[in-house]
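The hints should help you fit chain L onto chain E, whose structure is shown.
2 protein chains.
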Amino acid sequence: MSKVISRRRRTASKVGRARPVAASRVRPYVTRAIPCLDILDDDGLAMIEREADRLLKEVGIDFRGDTEVLKILADAGATVDGERVRFDEGLLRSIIQTHAPAEFIQHARNPARSVKIGGKNTVFAPTYGPPFVCSLDFERRYGTLEDLQILIKLAYMSDSLHHSGGIICEPTDIPVSKRHLDTLYSHIKYSDKAFMGAATSGERAADSVEIARILFGADFVDNNCCLASLVNVNSPLVLDDSMLAALKIYARAGQAVTVTPFIIAGATGPTTIAANLVQGLAETMAGVALTQLINPGTPVMAGFLSTAINMRSGAPSRGPEPNLALIAFGQLMRRLGVPWRAGGSFSTSKILDAQAMQEASTFIYSTILAGANFVIHAAGSFEGGLCTSFEKFVMDADNLSMMERMLGGITVNKDECALEAFKEVGPGEHYLGCQHTMSRYQDAFHVSTIANSDSFEQWKEAGSLDATTRANHLWKKMLDEYVPPALDPAVDEALGEYIDNRKSQLPDSFA
Amino acid sequence: MSKVISRRRRTASKVGRARPVAASRVRPYVTRAIPCLDILDDDGLAMIEREADRLLKEVGIDFRGDTEVLKILADAGATVDGERVRFDEGLLRSIIQTHAPAEFIQHARNPARSVKIGGKNTVFAPTYGPPFVCSLDFERRYGTLEDLQILIKLAYMSDSLHHSGGIICEPTDIPVSKRHLDTLYSHIKYSDKAFMGAATSGERAADSVEIARILFGADFVDNNCCLASLVNVNSPLVLDDSMLAALKIYARAGQAVTVTPFIIAGATGPTTIAANLVQGLAETMAGVALTQLINPGTPVMAGFLSTAINMRSGAPSRGPEPNLALIAFGQLMRRLGVPWRAGGSFSTSKILDAQAMQEASTFIYSTILAGANFVIHAAGSFEGGLCTSFEKFVMDADNLSMMERMLGGITVNKDECALEAFKEVGPGEHYLGCQHTMSRYQDAFHVSTIANSDSFEQWKEAGSLDATTRANHLWKKMLDEYVPPALDPAVDEALGEYIDNRKSQLPDSFA
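Chains as they are written, first to last, in my numbering: chain E, 1 to 511; chain L, 1 to 511.
Heads up, a few of these hints could be off.
Which copy is meant is left open, so a pair is good if it fits within one copy or across any two.
Said to hold, decoys possible - Straight-line alpha carbon distances no greater than 30 Å define the calculated DSBU-like cross-link-like pairs of lysine-lysine that follow: (1) 189 to 503; (2) 460 to 414; (3) 460 to 476.
In short, the hints are calculated from the structure, not lab data. Since this is a predicted model, take the numbers as computed values, not measurements.
Here chain E stands alone, though its shape is the one from the complex:
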């Protein structure tokens, strides 16, 4: 088996995979050394699971516009009534636990950056889908391909972003029908981290797989996960034809999807946290099980996204409820035993002010407490997901590096307990020059790239800059220092040919 992999690796490097970088600081993903937070007891968890089973049996899920899927589900023992599909107690859980891998590797074109998704691992990826961008340098406006490419470069430069993501902002200057091609090419060209495929239609998913085959080699893609893509449930309780088409293509190609309910409490689901958990569990199990019926053993992630709502304005809001729901969902996922995606650095703020980081810092902390394995929206998310902020992108990335350190926990051994240092220094003296400090001070503490801990006088002398202004300087410095990862010219050319050809077949539709 190792021989096979080794041959594949060589084949792959002939085509598009970059050589491993000698980057000692690179951590391709985080493996947690601290436990998750268990906020529900076993009785509570069992009740959520029972009520999810009742929901699946007594109400069911609509699988719309796809007779093939309805047949697959009927064959697996589900009760199909028109497009409504009902599942007996335990059926979906049994399918998932029989077939779905507990963890898997998504390959990056730079093998040193491949990510392991599942178990105690966490992978941080940029925000996904905002049509707008903003920065201190320009007014909030629709995103462009150039913006997307800048954000891909910033993600590439950020050690704590393990994954290049997908639509970090919508490149709205490109026709909708062709965006996925330029988006995929930009991730490949400007980064060597793993990336996401398109998921808004079967055709775009098929393009994503073909592009991966050019990059990684067809053989390699046939036998390895090279794409992780986002299939959203149309909550409540609907999977529609375009999402099902993408799901089928990825599952058959052995490429990962994350099946994510999108629950706005009070709108696309009930107001209560317990009900959001019930619904989220039922919806994600329906999609995850389907992938395993289509291709048993294909890599897959469950997903969960819930938000509170401002009952006066109808706007999504960031309060305690989504944090609590997220943490509890992690417990449900550990009982189910599949990798799962959730969380992020969300904020409803319109500028990078105190609110923005109050909301984002709290939610990303909940994300690591929940043990989410794949975290889209870990950097840059603004306005409840409508906008990507360049400054927040690097500020979130800095905060993620702090979360990484938190996940590393505390080393306890005799040397770290420092009794010899206490003996050397004694009461009332300082530790600045002692041996224990001298041998550690350079790496003793996490260093933020944004936070300013100077005295008031030093800070004022340096221009009284706020964090947003410092973040603005930082992302421009990162862009200045950006050097693109090498890409085999033959692969680059082959990608160009495929994309040009596909573009010539597609209409210039902006709708």
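Relative to chain E, chain L alone:
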């Protein structure tokens, strides 16, 4: 016994305790419904405890300038060598676990606001000690008595601040020698929540006890905890004469102190988290045990404060390390079995920007995960503790209300799981008008007093205000709406007489 308490209560209300307010929304403190986060395993915890015991035995603690204390410790079995005191393994733990109460009530002059400290309870109190204040309305400057009184009023108006605290800012326009008198009177006059006594000298501690006796009645104070005060260890490993003097007075009066090591990693302690825990445990056990030798059973809190340091500038910094240390210290405290004080909404920022709330939100989240029972610095802390921000005070208080909700956990029962609502609404429809939502929408979600979740367009239309500006408007609105709690004129007069008399005896010293 209940008769005795009842008589005392009546006596008290004759003097200074306000009648209970009919305030249904008042939660006098939080009782957690979610577990703490245990990040160290039993082996790690046992090693920290063993190394703390070795530190106490092989290095020891200096108790400086107080021969009485040295004699008390020697009589209890410690080895006294000059001012250096060494303790055999387990001695301090045994004294603490034999005598110190696991929880106690600190009484407020409004009985409805008395707080229970210890166990699963958390009490949030304002920041303590900053010489500076700042606001959008004025340049950063030294604090005044007027500033302090404004902050006391804001704390009184904030439901999520359960305690009035102490020196929310230093009233630097009052001579140092007299500040404690005006500070205590201001807490009594402008709030009816519990408050802290002075602790910078024995004389000031004695004044605090006398003032409490006037307010609550002497009998009541003799038999109940009416003050909680802060006794800092002069880390590393020193308790000095002024702190010992205050500790003795409070312990003998049956009033609570919190014995808090102040560990700046790399300066007043080693750089490693494990060593900070060893030192913190040893130092706080030394002080806590002393209170129990002086007055067995007197209420007491352990304490812990550690901060990272910027090794280039020497400035305290807020990184992952103090967060990890705080959470682990909570585990040590649950094993020791005493109430403890730690955490807060710290930030090193100089303005209320994104950094300020990134740091503060993360640390207060760690604080609730740690299970700290008494949280000084829960609101207003700025510049690493040097400054109190009026805007951050109300923004932190808003964030505390979110933390309170988080501590409440998730209710799971059939009704909350909402199967009937799922049946009523069905796939693809919304929950805005269904019965389950209609019966809950008014209280379904936590509502922030600061966060803005409007659309970009609504927000822009309303003036594009940032969170800091909204916080500025909020604290001024709160001040406008402030109504002082009633104070018995006879008590007010008695307090005035005591304070005037003491002031006439004290020099006008500003040093």
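Here is what the structure says about each hint:
| no. | hint | verdict |
| --- | --- | --- |
| 1 | 189 to 503 | within (18 Å within a copy, 75 Å between copies) |
| 2 | 460 to 414 | neither (42 Å within a copy, 57 Å between copies) |
| 3 | 460 to 476 | both (22 Å within a copy, 27 Å between copies) |
Of the numbered hints listed earlier, the single one contradicted by the structure is hint 2.
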